[in-house]
Structures are given as structure tokens and as C-alpha cells.
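**Student:** One-letter residues, chain by chain:
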Amino acid sequence: MPTRTILVLCAAVLVAAMAGAPFVLNEGFLRLATECLLLLTMAQMWNLLAGYAGLVSLGHQVFVAFGAYSLFMTAGWLELTPIWVLPVAPLVSAIVAAVIAVPLFRLREAYFSIAMWVFAEIIGALTMKSSFAGGTAGLPLATSKLIDFDWFEPIMFWLAAALTLGTIGALYRLMISSFGLGLMSVRDNDLAAMSVGVDVRHNRFVAFVLSAAGCGLAGALNFMGNLYIAPLAAFDVNWSVYMMFIVIIGGIGTLEGPILGVIIFFGLREIMTGPLGLSGGWYLVGLGVLAVVVMMLFPRGIWPVLRDRIGVRLLDVHRTPPCPAAAMALNELSGRTPG
Amino acid sequence: MEPLLRVSGLCKRFGAIVVADDVEFELARGECLGVIGPNGAGKSSLLNLIVGLVTADHGSIVLDGVEISDLPPHRRARMGVGRAFQIPQPFTHLSVYENALVAASYGAGLRGAAASDWSMDVLRRTGLEGKAEKLAGALPLIDRKRLEFAKALASKPRLILLDEIAAGLTEPEVERLVAIIGTVKADHAIIWIEHIPHALRAVSDRILVLNFGRKVLEGPPAEVMDSAVVREIYMGLKADGVA
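Keeping their order, the protein sequence lines are chains A and B.
Following our numbering, the residues of the first sequence are numbered contiguously, the last one being 339.
Following our numbering, the residues of the second sequence are numbered contiguously, the last one being 582.
Treat the hints as calculated values from the structure; they're not laboratory data.
It should be emphasised that the depicted structure is a prediction, and the values quoted were computed from it without experimental measurement.
The beta-carbon is built from N, C-alpha and C at its ideal position, and this holds for glycine as well.
It is possible that some hints are incorrect.
Claimed, not checked - Examples of chain B residues toward chain A, derived with CB under 10 Å:
1. 412
2. 415
3. 427
4. 430
5. 432
6. 435
7. 441
8. 443
9. 448
10. 462
11. 471
12. 476
13. 491
Claimed, not checked - Reference listing, derived: stretches of chain B covered by chain A, where coverage requires no fewer than 3 residues with Cβ under 8 Å from a Cβ of chain A:
14. 416–426
15. 450–461
Construct the entire structure; sequences and hints are all you get.
**Tutor:** Structure follows, in C-alpha cells:
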């Protein structure tokens, strides 16, 4: 299949570019690239839940925080290099998601969104009161002395790049599988989906847990890069707001949308705070205005419009029918169908 | 012969509104049961109870000897209950082919080439083959009605529930749809809600009349359509001719 070859080539070029980037880019730019990649991963995870399972979460910061705190605390207890403790982050976030899914899945639509937010706020408040988690002051990365500082930024970048490419690759594979077809049917119409045998609740549960795990890992990497975690930063609702912004302006329910969204998100930030010299507050105003304009003009985001205009499909997850001639021949071989 | 579907003592009320009041009937494979009744008589609710979107207060629904009234909708769909909604419910951002493929993969439990070939087979039977690659959201009404039927059929049901599938179509379109339904009748049991008498007569073996959630009559189409009870319900005429 030629599209497959193109995809493999693109992936190879991307991997090579990511591998070489730290030798070309300066440290500041590398940090920005790492930040972009981690937020892209989180946005893809939010999209998996909102765009494919129809659950809009305003509390995804709780998974970012659980992932990051579990990394900091486990690395501290076991006195290990944080990198080896990374697998704990997605695991803890996934377990938390699996547990809270039981009460939260009884709620629908806005009630679910608000309950997620409230849950995140409660955990945030509890964390600030917990001395073992550092309280309001937060925690330093206890074993940061074990990190090789010459290679710290490149390693962080490579980890973020691997996570992002891995996430997009895995989501692509998921979406072309029959489970992905089920997810997309739920995205379009959950009533119709359950009427043709799709277990909507199970699909939502799997998407919720996967989404939490991905956010946990991305969150752990983000705070590992800072070498420090504080509850106000970890449980910041802006994590969810940014994910939502990126997905909605890029194109909800598409794999390409969040990529476009993250480019716009950081492009706008760098232009407004850099060349234009505006303060961070103005940048948030700019983001808000852009989001409203995009939602009014292109309710499904920029990518679907762009795709139809230029006729390009990058990560095409559509299934094409079998060739009619071949199907016809097969039918004749297997004898006439009844009716 | 053991019927494919046996509904007995089915009751459901929402507060003061009774949508099913001790409904019972049986249906065999190859049989089509037409359901008529005024608006609000509980016709669509009866289908919702059978597919599991609404759970009954009392009563039993037995499909091929298995009690299904406690199962969630997706389990009932996998066991062979297919439904075409009154208002078409397509997967709008998926192609027509993918719409059928969802039903073939989940409802019928098919995989790989078996799923894609069966989906195409269903599209061919429902006259949607030429539009397989179109987005379902872009289809005109007749094709959305066909797709509703195609999705139900692609899940390899034993029982097909049709909810006003011919409503809103032009006369020639109704005829084409009736012809398509006729082709699958022999292998399936069908329950068909419709307000178009001649379409219903053409396919139904029996007609069941619902009013206020209660079964008021069941019998051969001609007999039911000419009965005094039906005329009373539909035209407000008392059986003795006094309005």
C-alpha cells in the first residue's frame, strides 16, 4: 500500500530529525521543543477521550499530577535515577482512572466534566495538606544528583520525542483496528453504536484509562524536566484548558488536529511574547479570542477544513471497501447469497 | 414450533404515563408483525423495551429460548436484535461502508475479510453499493433510511425492528424499500411500525394495534384494518357509528 510506505518514510525522517535535533538546537529551543511535544501528547490523550469517547474532562490535570507526584515520590523512596521509575507514572494514573471511573461514569455530559474538575480540586487540596507529598511547598526531585546534567536537556527531549511519536503511532494503530472503529462509532452516535453491538461503556472505560496513563507519563516527564513539583503547578486547571484549546482549534476527533493545534498554540505564544513583546496575560486573551473565532467559523476545528480544501489525508484512518470486482468474484465462488 | 420471540406481561410506566401495559405476543422466523396505533400509543417504546434502551418494570422478553430482558442493549444486539430507528442514526463522519462495517464487526462479530465482504454484501442488497465511500452524514433521506436498514441487517440479526422506516419517503421510494424488506423476510422475524397501510399490508402477516400501551387487537392485516376498534381509535368513531 503506497500510503503505508509514505507513512513509514515520514516516520523515519521524523525519528532521524528528533534524534539529531539536540545537536543542532540550542538549549532554550530544545526546552521549548520538549514542552511542545509533551503538551501534544497530553492533547492527543485528551482528544482520545473527548474526540473518540465523547467524554469532555476538565480535570485531566489530576492525571498529570498523579503521574508527576508518583515519579517524584517513588524516585525519592527507592533512590533510583528518575528515568527508571518513569513506568510508575502511567501505571498510577491508569489505576486512579480505573477507580474513579466507577462513580464518574454514572454522570453524563457536563456533569461528568464538572465532577472531573471537582475531583482534581479535591485531590489538589489534599496534596497541599499532605506533608509526605511536600504540602504546599512541593517536592524537589530527590535523586536529581543522579542525573547527568550535560545530557539532561537532550535526554528529556529524546524521551518527550519518543513518547509523542509512540503515542501518535499507537493511536493510529488503535484507530485502524476494529476497537478504533468502535471508538469512532461511539464518537459519532453512541445510541446507534450500542444498537449495533458496541459496548459503549467498555469503550469509554478503555479510552479513559489509556488517556489517564498517557497524561501521567507526559506529566511526569514535564515535572522531571523542572526537577521540582508544586501542587499549584501540578493541579493547575490550565493543563486541561490547554489540552482542550489545542484539540478544539486543531480538530477534535482527528489525529492530525492536535498536531496543528499545538503548532498554533506555541506559535501564538512565541510571537506574542517574543517579537510583539506583550505580557503573558495578553497571550491568554489572544488564545481565548482565537478559540472563539475558530469555534464559530469551523466548529470541528481547522484541520478538517484544511484537509477537505487541499485534499490531503496524513494519518488516514478510513477503511476502504474491498474492490467490488474482487468481491463479486468471491461471491460467485461461494455461491449465491440467499434472497 | 417454538417462536423466535416471545414477549409476555411487558409493563413499563414513566410516572403517570403507561407506555406498555401487559403487552404480549409471539413471533416466528419468517414472520412480519406490523404495529399500528395513534401517536403516544407506545409503539416506539415497545421497540425500546425489546432492544434494551428502556428496561421493563415487569414482564419477559425471550429470544430463541433465552430471556433477554435483563441484558444491556449491546448484548441484545450481539444476540440478534437489529433495529432501524425512526429518525436515522448514522455514524455521520464515517463512510457508508464503515457504518455497515461497525455493525458487521460488533453486532455480527465478524473480523477481517469476512466483515468487509459481508458489509459490501449488505450494501449491495440495500442498494447502497455505489455510495459505499460516501460520508454517511452527506446522504439524502432515502439513503439514510436505507442505511438504517443496512446497519440493522449487517449485524446479522434474527429479529429486525423497523420504526417508521418508510415515513417521509415518496411513493416510488416506499415501494423500493418494501421490496428490499421483502427480500430478507424469509430469514428473519420482523416487527414493523408504520403509518402507511398499504406498505404494512404488503409485508405483514399479522398486525398488532396498540393504544395507551395496551394491545387492543392482533390479527391478519385485512381483518385488523377493517375492524371497528381501529376505526374508532383512528377516526374517533364509536363502534356503533356515533362520534
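**Student:** Of the hints stated earlier, which fail here?
**Tutor:** Nothing - there is no hint that the structure violates, so all of them hold.
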